[in-house]
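Protein chains in written order, with the numbering used here: chain A, 1 to 403; chain B, 1001 to 1403.
Because the hints were derived from the structure by calculation, they are not lab data.
Wrong hints could be hidden among the right ones.
Just a few of them, taken from the derived set where beta-carbon distance is under 7 Å, the chain A residues facing chain B [what the hints assert, rightly or not]:
1. D76
2. R78
3. E113
4. L114
5. D172
6. S178
7. G185
8. A189
9. L191
10. L213
11. T261
12. D263
13. A334
14. T340
According to the in silico footprint, chain A covers these stretches of chain B (three or more CB under 8 Å from chain A) [claimed, not checked]:
15. 1186-1195
16. 1200-1206
The beta carbon of each residue, even a glycine, is placed where N, CA and C say it ideally should be.
2 protein chains.
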Amino acid sequence: MAESSGTGRLNRRSLFGGAAAAAGAAGIGWGAVTLGDRQTGDSNDPTAAATEPFYGEHQAGIETAPPTHAAFIGFDLRPGTDRDDIIGILKIWTDDAARLTQGRPALADTEPELAQRPARLTVTVGLGPRVFTVAGLPQHRPSWLRPLPPFDIDRLEPAWNDGDLMLQVCADEATTVSHAVRVLGKNVASLVSVRWVQRGFRNVAPGQTPRNLMGQVDGTVNIAPGTPDFAELVWDDGRAHPWLTGGTSLVLRRIAMTLDTWDEIDREGRELTVGRTLADGAPLTGSRELDEPDFTAVDAHGIAVIPQSSHIARAHHTSDRERFLRRGYNYDDAPPPGQTSNSGLLFAAFQRDVDAQYLPVQQRLAAFDALNVWTTPIGSAVFVIPPGVRSPGRYLGQTLFES
Amino acid sequence: MAESSGTGRLNRRSLFGGAAAAAGAAGIGWGAVTLGDRQTGDSNDPTAAATEPFYGEHQAGIETAPPTHAAFIGFDLRPGTDRDDIIGILKIWTDDAARLTQGRPALADTEPELAQRPARLTVTVGLGPRVFTVAGLPQHRPSWLRPLPPFDIDRLEPAWNDGDLMLQVCADEATTVSHAVRVLGKNVASLVSVRWVQRGFRNVAPGQTPRNLMGQVDGTVNIAPGTPDFAELVWDDGRAHPWLTGGTSLVLRRIAMTLDTWDEIDREGRELTVGRTLADGAPLTGSRELDEPDFTAVDAHGIAVIPQSSHIARAHHTSDRERFLRRGYNYDDAPPPGQTSNSGLLFAAFQRDVDAQYLPVQQRLAAFDALNVWTTPIGSAVFVIPPGVRSPGRYLGQTLFES
């Protein structure tokens, strides 16, 4: 056992010798041994070894095909933190994310082996409104960066709202997500407190839109990376705020599903509520999921085939500018005492301009959407997503602090 | 849109016509349309389409290679339930599990499409001590079926303890687990209340033992299906209780990990605490994970290479009869306010005889295990796992109620 002789013997003695408790404490601060920068991914396991690029014009986790697991974490800056602290946090997260996403341990990673399965890990960082106040940069805050206006359908619980900083951590393995969340959180724990943690999951099958826990194909109408409109709808062009070029915004809504009453609705009632078939998500005027819904079609009795109150009729963009990227996850937490389910949707929408793209759709849905009977927004937060880190040596959000 | 004419028109009218609210309620009770018994699995997606057999001498979910996701649900019988109610629950669960595990919707499944991805779903049913009292069958209760004795290390929270009935639901997709848990729970909701829900996950890589959230390879010492000892250690032979032939027991311990203080221990300290290397889980006296630890080896200074207080030294069975099947999962829930992590292990142990196999090991660990500083049992439950259902027409636990 040559590897644990030498200084190790002292360590062993201190932990397990006669004066175990006192000497054990002396072991603190010797520092964790990391695996260094070696690529340690498990190349025999393609899912575990797969990586998504970290550096680029945009942050990862937006164009990236959504992995099976996600965690969204909202943080509050602790009292007394300042501009330099925010920069420090962003530098640490940049370094951590650059390593972890490539299957390498973070600096001083105390569980370096848990970094060996990146499993398409992405880390996406967002800033809340207060960052601009604390950092003394109110003039650089996008006008849409503020809590959404209240909607009648909202039953927001403060525990799920807002936040000064946000991490979206996604991967195809839950352990990978847990390790990354732990590393990213603890390395800045002296500067921030955790406001909320929201974990979600989705099925991933090639060419298939996943289903939510109401059983619906969810997310059919979406904008796909590589399409002509994607860049225009998602990525900021820097016109209002040059620092934000290549960035975007995230609206995260926690939408509870009342499955007990949803269960009371029969299959056709459900399809008319949504405007799509349950079997394959085709609009009620079509035969395939991706068919364009015909909101003008009526049946022999003159009744709209897709009810005007249906979810897809209300959610449908009235102009091409109202579209946004949906990248949602199901959630299913332990139910509170006396209840059978605690399930719903982490609705994550990315768009260049919250006011111009997201809000009009949300306002129509809030005003009337047949689905509202069974879905309730219980959390709401808006973040600006800074552009990506173009090269090593730079950090997330640097363009903001240099502007 | 031929499929929604006919009776559907009435339904549509009732939901979306002038008297929407009142007529909508009339739609309740028309019953959900199911997909019937057609095999609807997605054969283009091998992970999603994979199934584990339901019928057999033993329940599935024990010998079955552990999938990536698990949920354990503890239920209490509602006041006033009796023997017939318990039989009713077990019949419903048998029918639900026989269908869902094979990729078919449950009877009157309101989200039949969510059954299309069985993803190696297994459903394992356990009975708590009170079932034998309520059913008037105290003479058939195994002697070991009772709460574990208290241990000094325990900080049990009643919310995670005990239960009258237990479901273990495992699959390789989280949505599949959620759907199955929902179906199984709601179909018996009038007879039981949910006591606790514990969700977990683990990596699955061929030939690799997964790691826990402390970073350790966890579960090396285990008994594998197909080995000569497995049947003798896990499956009841019916000697004490003929009805239990082919059954077993489950001990479920919820073990919280104090990662904040674990972080303060350096790498060698951690290895000495566990008795294994972090890199590959080899015992400190060996070079490969599966090497047999040599608890007698000493270094040049006469100090044990594997400390006597280390986890593997304390956990090691002192006789072959003390072994059991470990089938644990990591958990990582949202932390309570002010904390950074809420993580740990759902330690699930299957054995023929809790008193003879599990208890001696647990007693040694509780008396002293170097790991106890960073791990705390906060939940504990024991269940008897009835034998499997050998053929259609029979139900889980039938041998008990016929004996």
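Now the hints, each set against the structure:
1. Interface hint status for D76 (chain A): violated, as the beta-carbon distance to the closest one in chain B is roughly 11 Å, over 7 Å.
2. Because the smallest distance between the Cβ of R78 (chain A) and any Cβ of chain B comes to about 12 Å, over 7 Å, the interface hint for this residue is violated.
3. At about 5 Å, the closest approach between the beta carbon of E113 (chain A) and any beta carbon in chain B falls short of 7 Å, and the interface hint on this residue holds.
4. A cut of 7 Å between beta carbons decides the hint on L114 (chain A): the least distance to chain B is about 5 Å, and the hint holds.
5. Interface restraint check: D172 (chain A) against chain B, minimum CB-CB distance 10 Å, threshold 7 Å, status violated.
6. Interface hint status for S178 (chain A): upheld, as the beta-carbon distance to the closest one in chain B is roughly 4 Å, under 7 Å.
7. For G185 (chain A), the interface hint holds, the least distance from its beta-carbon to any beta-carbon of chain B being 5 Å, beneath 7 Å.
8. A least Cβ separation of about 6 Å between A189 (chain A) and chain B falls short of the 7 Å threshold, and the interface hint therefore holds.
9. For L191 (chain A), the shortest C-beta to C-beta distance to chain B is roughly 12 Å, which exceeds 7 Å, and the interface hint is violated.
10. Interface hint status for L213 (chain A): upheld, as the beta-carbon distance to the closest one in chain B is roughly 6 Å, under 7 Å.
11. The criterion of a C-beta within 7 Å of any C-beta in chain B is not met by T261 (chain A), whose closest approach is roughly 9 Å, and the hint is violated.
12. For D263 (chain A), the shortest C-beta to C-beta distance to chain B is roughly 5 Å, which falls under 7 Å, so the interface hint holds.
13. Taken as an interface hint, A334 (chain A) checks out: its beta carbon lies about 4 Å from the nearest beta carbon of chain B, inside 7 Å.
14. Nearest Cβ of chain B to the Cβ of T340 (chain A): about 5 Å, under the 7 Å cut. The hint holds.
15. Check result for the segment 1186-1195 of chain B against chain A: holds, 4 residues qualifying (beta carbon to beta carbon below 8 Å, three or more required).
16. Counting residues of the segment 1200-1206 of chain B whose CB falls under 8 Å from any CB of chain A gives 5; the rule of at least 3 is met.
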